[in-house]
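Working from the sequences, and respecting the hints, build out all of it.
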Amino acid sequence: MKKAIIGKKIGMTQIFDEAGKVVPVTVIEAGPCVVVQKKTTENDGYEAVQMGFGDVSPKHVNKPEQGHFKKNDVAFKKTLKEFRFDDISGFNTGDVIKADVFAEGDVIDVAGVSKGKGYAGAIKRHNQHRLRESHGTGPVAREAGSMGACSSPSRIFKGKKMAGHLGAENVTVQNLVIVKVDVENNLIAVKGAVPGPKGGVVTICDAVKA
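Using this note's numbering, you'd call the opening residue of the sequence shown number 1333 and step up by one each time.
Treat the hints with care, since some could be wrong.
Claimed, not checked - No farther apart than 25 Å at their CA atoms in a straight line, the calculated lysine-lysine pairs in the DSS-like style are these: (1) K1410 x K1447; (2) K1353 x K1391; (3) K1430 x K1530.
If you're looking for bench data, these hints aren't it; they were derived computationally from the structure.
Structure, rendered in structure tokens:
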């Protein structure tokens, strides 16, 4: 990884390219992020850069985190994320990272927490089909149906696709293309959809499989 940034999902819109075609994009407020801590092999056993995003009132930061920010002499931040770069020699504590680290045409991976759907049935959660609505099935057409064999093995195997909690999990969408970068307003327009609701925190980094 050579570059990365933390951002906030603003929402989706569309823009027109040079050929006049409509391109659906997600607008992300990328940064400004502050380098809160620089981790080295000597002190921490590995090399990484910790970034902070989003200003927050001191009363909403617990005492250990307050000491962490004061020790490194940076403003209190709401979100902290750690990134392992190929070379961290160019980073120093207090550096401000803005949207201009990325450029139009860059291929990126965007990670975030997906929308939570609550408790969902097997049809919505796993795309299973309904039971027959005739021949005595009764009012259970959207239930999961048979769970497997009878007296042997007399149990349900682990991993069985059933009803349960849907969404609200870490999701990474790979190989998205940056369509436009607005440096003045710290906005990045990414082609396609990214995980999470409006206002959700996302991380943008170089594509792993580009």
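Consistency of the hints with the structure:
no., hint, verdict
1, K1410 x K1447, "20 Å, holds"
2, K1353 x K1391, "48 Å, violated"
3, K1430 x K1530, "20 Å, holds"
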